[in-house]
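Chains X and L, in that order, give the protein sequences. Note that the working numbering numbers the first sequence so that position 171 is 171, with each residue one more than the last. Note that the working numbering numbers the second sequence so that position 81 is 395, with each residue one more than the last.
Accuracy of the hints is not assured; some may be wrong.
To be verified - Below, a list of computed lysine-lysine pairs in the DSBU-like style, where the Cα atoms sit at most 30 Å apart: (1) K338/L - K312/X; (2) K334/L - K477/L; (3) K312/X - K373/L; (4) K295/X - K373/L; (5) K338/L - K421/L; (6) K423/L - K299/X; (7) K293/X - K430/L; (8) K530/L - K293/X; (9) K299/X - K373/L; (10) K293/X - K338/L; (11) K293/X - K481/L; (12) K334/L - K481/L; (13) K143/X - K177/X; (14) K299/X - K421/L; (15) K338/L - K299/X; (16) K423/L - K373/L; (17) K423/L - K295/X.
These are calculated hints, taken from the structure and not from any lab test. Every value quoted in this text rests on a predicted model; they were computed, and no experiment measured them.
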Amino acid sequence: MPRVKAAPKKCIKSNLQNPANSWVFVIKGEALELSDQYTGTGTPDIVTLRHPNTGESAVFLFSAANNSVQEILSFSDGKRGWFVDESVKNDGKMNLSSPIDPIFLVLPYLRKYCSNQVIPLDQLLRDEEFPETERLLKSSGLKYLNMIADRKGDEELNAFKYNEDKTLSWLKKKTEKLADILKAKNIQVTGGGAVSASFVKTGSPDNDSYLKYAHGIVSEYLMDDLSQKLLKYLNLPEDVPQSTLKRKSTQQTPQQESKKPRNEEENKSGSSNVLDLSKPDPKMPKTQVLNAKDKARNKAASGCKPISSFFKKT
Amino acid sequence: MFEARLINSAHFKKVLDAIKDLLKEASFDCSESGIQLQAMDDAHVSLVFLTLRSDGFDKYRCDRNLTMGMNIENLSKIFKCSSNDDTVTMKAQDDADTVTFTFESKKQKISDYEMKLMNLDQEHLGIPETDFSCVIRMPSAEFARICRDLSQFGESIVISCTKEGVKFSTSGDIGSANIKLAQNNNFDKEEESVTIEMQEPVTLTFACRYLNFFTKATPLAQQVQLSMSDNVPLVVEYQIPDLGQICYYLAPKIEEDEN
């Protein structure tokens, strides 16, 4: 997953009446710009989706046309504040966004539900806890879904079945690409203990070390068991405990907590002259409360073509 | 003005029982020829098509075509207030927003229930005439029993129809189950015979839960007809004697493995 550096645009939403209600974002430009083909009126949206690694909620950014997804990482060291125009913002968190391959977000759903059965994609990406998951359907990256799953039935039906072999080889390619970039950027990857990634050491580390480091980065977006399988698939030794490979420990750190959706009050914002980035809630559809019967029925219905596709509308 | 009277409210109760698990609300289209209802379930994989002919009613009058959107749950609440041998009369004015049900018992008791109608977005689907590869007729109670038994084992039922007979099978966590029925013509008791008209063999998979919804219509008819062809919905048809029919359409499950 090469992280391409584009000139980041700083987008500071100033809200002088109530500076507590704003966040500071550093966002990659392409999420904010509308492509020429896009004629809709949407704005980039911040939504919560299920994180592919933890299964917990995490914050993501959809571009206006829903065609690209970026993850949002927030950085906070507690002793920081921002000057915004002529006021001081107490909350010194910095939110960074970087593009993410939407396939990583779909992967946990595919693994969970499509291992033994075939489900059309639009049914698969219905998550009652995270209703915005449906938006992934529009993201352009999903056309490569056949890299990790087999398409079954008609093209228009868009139904898939999870294929672990394909997934592993796809992940392997991702990891190898990432390792190449690590190598090209001369990033320090050896040493089990705490070593700065910018520490320059003489003597070049072997390929495996780069692969292992890259695997750690990729694993941040994989369920733990899949990460283990990938490790085996890459022929890497398993002796190193996972936690040292991962940049993020599995414990709940304050940083992860900051990814939780903010409460309603924080979301309410006054007028803004820049992009209104803090408005995930107002148009949140009221999710219909399904009782157990309806849920069971919907489950039974999965894997069927809609009946209307057989009959002509009159 | 619309008015329809049935001597036995039990008939209509059974019809309601046959649709209330699938449909939360539905539009009843009333015309001179009778009452029709066509609706998809919420998950949009099955379709119910109910026809009640005007000549099946004791008294029937429909001056202008009328569509009445009703909440099926509330409708069956109202019918729960009637006894089986009550005479029921359904009445609505043209362009009315309510419908009235009058139950008259033999003991000179008259009860009136008025229900608010709903405006439903209705989407009528044209159902094409299809020549099915297999048409199976069998006792409805037998079909209900098979669906009920197999539902304990798995979520979907494979129905495969050949010259020899029809086989229902399923498999799940605890194991698998197979039920085979051979053709058997019983001329003394026609309602107990199993007949198969087959052009070519068909094997299709369906959601068990839906088949169990359909078998709620079992009390309406002694025989059920299953019509199947590849890549078209299954039709489960119950003929309601002297009154009409109820057909259920169910989309087959997408094949697990096409090769």
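Against the structure, the hints:
Among the hinted pairs, K338/L with K312/X is consistent with the structure: their alpha-carbon atoms are about 23 Å apart, no more than 30 Å. With a CA separation close to 36 Å, the supplied pair K334/L and K477/L exceeds the 30 Å bound. Of the supplied pair hints, the one linking K312/X and K373/L is violated, its CA atoms being roughly 34 Å apart against a limit of 30 Å. Proximity of K295/X to K373/L is assessed by CA-CA distance (about 41 Å); at most 30 Å being required, the pair is judged violated.
With a C-alpha separation of about 33 Å, the suggested pairing of K338/L with K421/L is violated against the 30 Å cut-off. Proximity of K423/L to K299/X is assessed by CA-CA distance (about 46 Å); at most 30 Å being required, the pair is judged violated. Distance restraint check for K293/X and K430/L: the Cα-Cα separation of roughly 26 Å lies within the 30 Å cut-off, and the hinted pair is therefore satisfied. A hinted pair counts as satisfied when its Cα atoms are at most 30 Å apart, and K530/L with K293/X qualifies at roughly 16 Å.
The hinted pair formed by K299/X and K373/L fails the criterion: a straight-line CA distance of about 43 Å is larger than 30 Å. Between K293/X and K338/L the alpha-carbon distance is near 12 Å, which keeps this suggested pair within the 30 Å criterion. Of the supplied pair hints, the one linking K293/X and K481/L holds, its CA atoms being roughly 29 Å apart against a limit of 30 Å. With a C-alpha separation of about 29 Å, the suggested pair K334/L and K481/L falls inside the 30 Å cut-off, and the hint holds.
In summary, the hint linking K143/X to K177/X is supported, as the alpha carbons are separated by about 20 Å, within the 30 Å threshold. Of the pairs offered as hints, the one joining K299/X and K421/L is violated, with about 48 Å between alpha carbons and a cut-off of 30 Å exceeded. Taking the CA atoms of K338/L and K299/X, the gap is about 18 Å. The hint holds against a cut of 30 Å. Among the hinted pairs, K423/L with K373/L is consistent with the structure: their alpha-carbon atoms are about 20 Å apart, no more than 30 Å.
Only pairs whose Cα atoms come within 30 Å are accepted, and K423/L paired with K295/X is rejected, the gap being roughly 42 Å.
The structure shown violates the earlier hints numbered 2, 3, 4, 5, 6, 9, 14, 17.
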